[in-house]
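Chains as they are written, first to last, in our numbering: chain A, 1 to 322; chain B, 1 to 322; chain C, 1 to 294; chain D, 1 to 294.
It should be emphasised that the hints constitute simulated quantities derived from the structure, not laboratory data.
Where is the CB? At the ideal position from N, CA and C, for every residue including glycine.
Worth double-checking, as some hints may not be accurate.
What the hints assert, rightly or not - Which stretches of chain A does chain C cover? Using the computed rule of at least three CB atoms under 8 Å from a CB of chain C, they are:
#: 1; region: 56–69
#: 2; region: 76–88
#: 3; region: 219–228
#: 4; region: 284–291
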Amino acid sequence: MVVALRPADVDLVTELADASLANPVMTASGCAASGQELQQFFDVAELGAVVTKSIMRDARSGRATPRMAETPSGMLNSIGLQGPGINAFLARDLPWLLQHDARPIVSIAGSSLGEYAELARRVGNTPGVAAIEVNISCPNVEDRGLVFACDPVQAGRVLSVVRRDTARGVPVFAKLSPDVTSIVDIARSVVEAGADGLVLINTLLGLDIDLATMRPRLGGVTGGLSGPAIRPVALRAVWQVANALPGIPLIGVGGIRTGVDALEFLVAGASAVQVGTAIFNDPHAPVRVLAELRTELAAHGFARARDAVGFANRSAARGVLV
Amino acid sequence: MVVALRPADVDLVTELADASLANPVMTASGCAASGQELQQFFDVAELGAVVTKSIMRDARSGRATPRMAETPSGMLNSIGLQGPGINAFLARDLPWLLQHDARPIVSIAGSSLGEYAELARRVGNTPGVAAIEVNISCPNVEDRGLVFACDPVQAGRVLSVVRRDTARGVPVFAKLSPDVTSIVDIARSVVEAGADGLVLINTLLGLDIDLATMRPRLGGVTGGLSGPAIRPVALRAVWQVANALPGIPLIGVGGIRTGVDALEFLVAGASAVQVGTAIFNDPHAPVRVLAELRTELAAHGFARARDAVGFANRSAARGVLV
Amino acid sequence: MVSTEAMVGRGAVQVDGEVLSNKRVGVYHHLTLVADGIAERTKPGNFVALSVGGATSAHLLRRAFSIYRVRPAGVYGGTVEVVFAAHGPGTQWLADRQPHDAVNVVGPLGRPFALPKEPVACALVGGGYGSAPLFALAEKLRERSCGAHMVLGAATESRLFGALEAKRAAQSVTVTTEDGSVGIKGLVTDPLPGLIARHSIDVVYSCGPMGMLSAVTRVATAHGAWSQTAVEESMACGIGVCMTCVLPVIGDDGVTKMVRSCVEGPVFAGDKVRWDDIGTIPAGTFGAPGMGGH
Amino acid sequence: MVSTEAMVGRGAVQVDGEVLSNKRVGVYHHLTLVADGIAERTKPGNFVALSVGGATSAHLLRRAFSIYRVRPAGVYGGTVEVVFAAHGPGTQWLADRQPHDAVNVVGPLGRPFALPKEPVACALVGGGYGSAPLFALAEKLRERSCGAHMVLGAATESRLFGALEAKRAAQSVTVTTEDGSVGIKGLVTDPLPGLIARHSIDVVYSCGPMGMLSAVTRVATAHGAWSQTAVEESMACGIGVCMTCVLPVIGDDGVTKMVRSCVEGPVFAGDKVRWDDIGTIPAGTFGAPGMGGH
Ligand SMILES: Cc1cc2nc3c(=O)[nH]c(=O)nc-3n(C[C@H](O)[C@H](O)[C@H](O)COP(=O)(O)OP(=O)(O)OC[C@H]3O[C@@H](n4cnc5c(N)ncnc54)[C@H](O)[C@@H]3O)c2cc1C
Ligand SMILES: Cc1cc2nc3c(=O)[nH]c(=O)nc-3n(C[C@H](O)[C@H](O)[C@H](O)COP(=O)(O)OP(=O)(O)OC[C@H]3O[C@@H](n4cnc5c(N)ncnc54)[C@H](O)[C@@H]3O)c2cc1C
Ligand SMILES: Cc1cc2nc3c(=O)[nH]c(=O)nc-3n(C[C@H](O)[C@H](O)[C@H](O)COP(=O)(O)O)c2cc1C
Ligand SMILES: Cc1cc2nc3c(=O)[nH]c(=O)nc-3n(C[C@H](O)[C@H](O)[C@H](O)COP(=O)(O)O)c2cc1C
Ligand code: FES
Ligand code: FES
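Between the sequences and the hints, there should be enough to build the whole structure, so can you do that?
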């Protein structure tokens with residue numbers, strides 16, 4: 001299957017429900033703020049999309065510090081969704097992205113169905129928003145603080161209100177947590193509720209102990225594990241959901257650091273990928289991954305990025321060992 | 001709290017329900033076979049216990065190769081519980097351990113309640129067995145192949161039959177999977193069903209893609225993720241369960257590589273630790289971790305290993321920042 | 001407070017650096033990297049973020065170091081120098097680097113020390129390796145005809161950095177050590193009030209452990225001087241995108257915000273930092289109290 | 001099949017090795033490590049497992065390499081030599097090692113080549129770096145007055161290892177390359193039947209890619225010779241504790257078992273290995289078919 005192909009000739013366009021992106025590489029929510037800080041390293045307009053830090057209705061101070069701990073090939077964070085609230089975001093951050101020709105995917109987070117609906121109405125009807133990503137890894141204040149993402153019913157409810165209140169033509173993606181017994185069950189539920197696609201995965205719940213204080217290291221006690229350490233878990237989630245829900249666009253995220261990693265996610269079933277923690281290691285990571293992905297696609301004979309999507313699933317289904 | 005203490009003076013004895021061990025360091029199931037192969041590097045009798053590879057009633061050929069993939073700070077395995085079956089184990093492997101003065105903790109695995117019961121009767125009544133570890137991360141052939149460890153009810157049933165059929169005085173430990181929405185729910189259920197303690201955690205489900213074949217790399221498609229990469233997840237599980245079920249002995253496992261790691265698990269609530277994947281990196285890892293743990297305990301002023309167990313939980317409960 | 005536009009880093013580059021030299025100085029390591037493009041952009045108080053562990057590294061996060069010195073491209077290309085203590089695996093790895101080894105550099109990062117507009121007298125207070133960024137600052141102050149009086153302190157002599165160099169760089173030098181092994185036995189805050197009074201100091205710059213910065217700020221404020229402090233908070237990205245490095249700082253509007261020390265700092269007006277509340281979200285902070293989620 | 005006792009490694013040690021030299025040989029790297037205690041225990045066909053990436057490494061697993069040569073403690077302490085191709089991150093890291101760098105060594109591991117009890121004629125077939133362990137084997141065979149005829153093959157000349165050395169070590173040397181850049185154009189199996197017939201070869205030893213081992217075994221068996229093959233399976237531990245390195249091998253009882261190539265191999269009687277079924281659990285294998293669980 002290896003055909004001589006020049007990287008420059010590879011068609012990188014990817015289709016995510018109603019959104020067509022120039023290429024499949026995005027930033028991961030919370031790892032690129034709203035794009036401004038990365039502009040000194042590369043032009044954010046080069047990316048398929050910029051996914052913004054999850055925005056809530058109101059301003060949030062986040063959790064106490066320390067907010068991070070380095071772990072083997074990864075890190076824990078407990079930021080607690082610090083942010084300025086939706087008004088400031090729409091007034092300041094979104095316009096910046098649009099002025100700079102970036103494709104913004106806006107991540108929203110709420111602590112009640114009403115908050116998600118309000119965010120959907122405000123964000124999902126603002127011109128220029130390429131898609132909405134719904135971060136459901138938040139506690140539901142109306143249901144004993146249980147995390148939406150952990151319950152298929154609650155997760156479905158969030159997606160149904162967000163889909164209802166978002167303009168047609170603006171795809172709504174649900175971002176799922178891997179900390180569940182069956183990610184396929186959650187995926188199915190949010191898709192039935194109206195999600196146009198899925199983002200897999202958010203961080204894994206972890207903890208670190210600081211022996212100097214004999215206490216959990218993070219101010220928030222537990223935190224989210226990210227980075228290459230979790231890549232096999234993310235890839236598994238993509239593979240499982242791609243097999244269970246063929247045809248639903250998936251965006252892979254978790255430990256992606258190179259073009260090889262990105263291609264693995266594509267062939268496992270993702271139509272696009274997000275680069276998160278790798279940015280902290282290499283601020284150029286998103287554009288480097290994009291360039292490397294182009295080279296890898298060519299080297300493996302894929303004339304179009306779309307042809308790689310789900311390749312491993314299809315060959316598995318045919319029982320073919322390519 | 002730092003008191004000058006000589007490592008040699010630290011009392012390492014740990015209590016795990018009815019079992020009292022000379023020290024809190026063990027091998028992890030499946031990472032030390034039945035001890036023989038490690039004897040060329042160190043005397044297995046030096047360890048608190050040797051946990052044997054999970055044994056099933058019948059011989060098992062395991063899964064097709066490749067059975068492993070290296071991942072950042074970790075690895076995936078899909079061994080598929082290859083083993084000789086309980087008869088050969090009791091005839092050959094267990095006697096070897098006893099002859100060499102090791103404390104054997106025998107890990108058992110079944111595909112039905114009946115198999116678990118049979119294994120418990122055979123192993124749990126053999127003199128010299130220090131404890132039974134029940135690996136419940138197996139599909140239940142009688143329940144659509146659902147993994148016992150993922151359902152509180154099924155997990156509880158396994159522990160109740162094993163506890164019933166194991167001799168009094170031989171503690172029964174349930175080894176839990178982290179791939180669940182609430183590990184505390186599973187923990188509670190198996191403890192109510194009779195488990196004397198818990199082993200936290202088994203591997204995380206992961207996947208790797210081989211771009212040379214464009215297929216999942218492992219013969220078993222998905223595999224178990226282990227190694228330092230997962231340590232924050234294991235530590236979180238220990239912390240959560242220690243807080244939810246105080247007084248239940250816990251054995252921590254997942255990515256432990258150094259004495260510092262081991263002490264972190266102790267202060268997070270584990271009474272003992274297991275060293276698994278680190279053995280592949282360093283065949284001396286279990287005794288090295290033991291020696292380093294002794295030094296760390298002394299450096300932090302713990303005269304007895306037991307005093308460190310749950311230290312962080314207690315200081316958290318008091319609201320004290322030590 | 002400063003506007004967002006100003007807070008967003010604009011001048012940093014990422015370059016493959018190469019070790020030119022790596023020398024022991026007391027308990028510290030003085031590392032010189034060839035890294036083009038850093039020098040031209042650097043102002044006193046900026047820092048660099050170095051990757052550690054090489055191609056096979058399990059350590060993803062960069063380590064932040066104050067810039068000690070820079071030289072624009074010459075025989076070797078531009079260089080940047082840092083002074084650091086080896087304590088964890090990342091700094092240990094850096095300590096082991098040999099000439100020609102590769103170290104990736106991102107910088108210059110952060111907001112530099114604000115400089116006085118008038119030729120006023122200044123105190124520059126450094127704790128341990130915290131003195132490193134003060135030498136370039138002293139030079140800039142001299143260019144503006146500001147007096148530069150240095151106070152260097154450490155636990156013991158081997159933990160002092162640059163006492164000799166300070167003699168060239170500053171108008172006066174005061175050294176303190178906690179064990180009295182050299183200079184005045186005590187803390188940097190002991191001689192500070194006298195120094196401020198003696199030289200009519202208007203601005204006190206400081207860099208060092210958080211406890212020291214807090215104490216220096218208290219002394220400066222009590223004596224009517226401005227304080228500029230370079231803080232050290234745990235950083236995951238160093239470039240403003242992750243929100244890990246925050247601390248509570250009072251804005252011009254009087255409201256406390258959790259601000260990023262990597263882009264809005266590391267230099268802050270000392271009297272705006274809520275030193276005693278670091279590690280908490282003080283009541284009344286913009287957006288507090290938060291609820292779960294991560 | 002061999003009894004369990006015999007299968008359990010008994011003689012391996014773990015030592016902090018130090019690079020003595022690291023040289024390019026064609027496309028390969030010839031690495032000499034000072035590592036006391038390995039030489040005395042090594043037999044031809046044993047391998048070592050080297051840790052990669054140093055103290056900050058994200059690569060936990062050791063890399064396995066056939067032992068090329070050993071020298072017991074002399075001026076430098078005992079040494080062990082391996083020859084390897086740099087392809088992934090671990091071998092790339094090893095390729096970058098300089099004299100005095102540290103590399104941790106576990107070995108010698110695995111079962112060595114079985115030696116003939118009688119002074120019979122032997123063929124030693126090496127593919128690429130697979131020739132490395134055959135030189136020490138040739139020496140042992142000569143000590144036993146066995147004829148040693150070497151066949152070395154590779155894709156192209158730069159991928160041949162030891163063709164010159166083979167002239168000293170063996171009674172005859174045949175070289176094949178797929179592109180004909182040196183020696184006979186073709187595969188090692190092309191000249192093999194003639195060689196076996198000409199020298200009345202009784203045992204064919206081979207080391208190289210799995211496809212080659214399978215083909216060599218087929219030729220040897222067809223011509224009535226025994227075959228001893230050194231296989232290369234993905235290994236996580238190398239010491240027999242993890243069960244990753246298995247392949248289907250027919251036991252003395254005629255039953256196929258999934259056996260560990262690190263302790264029951266890497267050398268197997270070629271005709272006992274079910275080459276075509278590698279990567280599967282053949283029907284009828286001891287304990288097959290398995291069900292889930294891991
Ligand atoms: C703006 C700034 C300037 C600094 N300047 C200097 C300097 O000039 N000389 C010097 O010796 N040190 C300086 N530090 C501290 C230096 O960054 C840490 O000592 C170093 O990151 C520790 O890395 P490690 O691998 O040795 O330790 P580890 O404890 O293994 O580090 C683990 C993680 O925590 C972070 N971390 C640990 N300690 C600190 C700390 N004190 N500050 C910030 N992050 C930390 C690391 O970056 C890493 O991500 C500075 C820090 C900051 C934020
Ligand atoms: C008994 C034995 C003897 C060997 N002798 C030699 C030798 O003399 N010279 C030589 O160049 N190579 C030899 N190999 C192969 C060598 O071990 C691999 O090339 C090496 O492990 C690849 O590591 P990497 O980091 O470059 O590749 P990666 O692909 O990054 O390795 C990833 C993981 O897969 C394993 N792996 C990858 N390829 C192989 C392979 N072919 N065999 C076993 N494990 C593999 C690695 O050990 C590692 O755990 C031998 C292998 C075995 C099992
Ligand atoms: C510092 C940090 C902040 C994050 N903030 C968010 C967030 O606001 N919303 C969200 O959906 N995910 C957030 N994430 C999760 C990432 O978007 C991503 O899902 C996860 O980190 C795994 O990808 P990675 O390994 O590439 O980082 C955050 C991750 C990190 C490390
Ligand atoms: C190769 C391999 C085989 C394993 N086999 C078993 C097993 O048979 N039974 C079991 O309960 N756990 C098994 N495990 C899981 C380990 O016991 C342990 O729970 C897990 O690897 C996490 O610990 P670690 O990171 O220290 O390896 C295995 C792990 C590995 C890597
Ligand atoms: S370190 Fe990431 S925002 Fe400051
Ligand atoms: S490599 Fe672990 S048993 Fe062979």
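Which of the listed hints are broken here?
4
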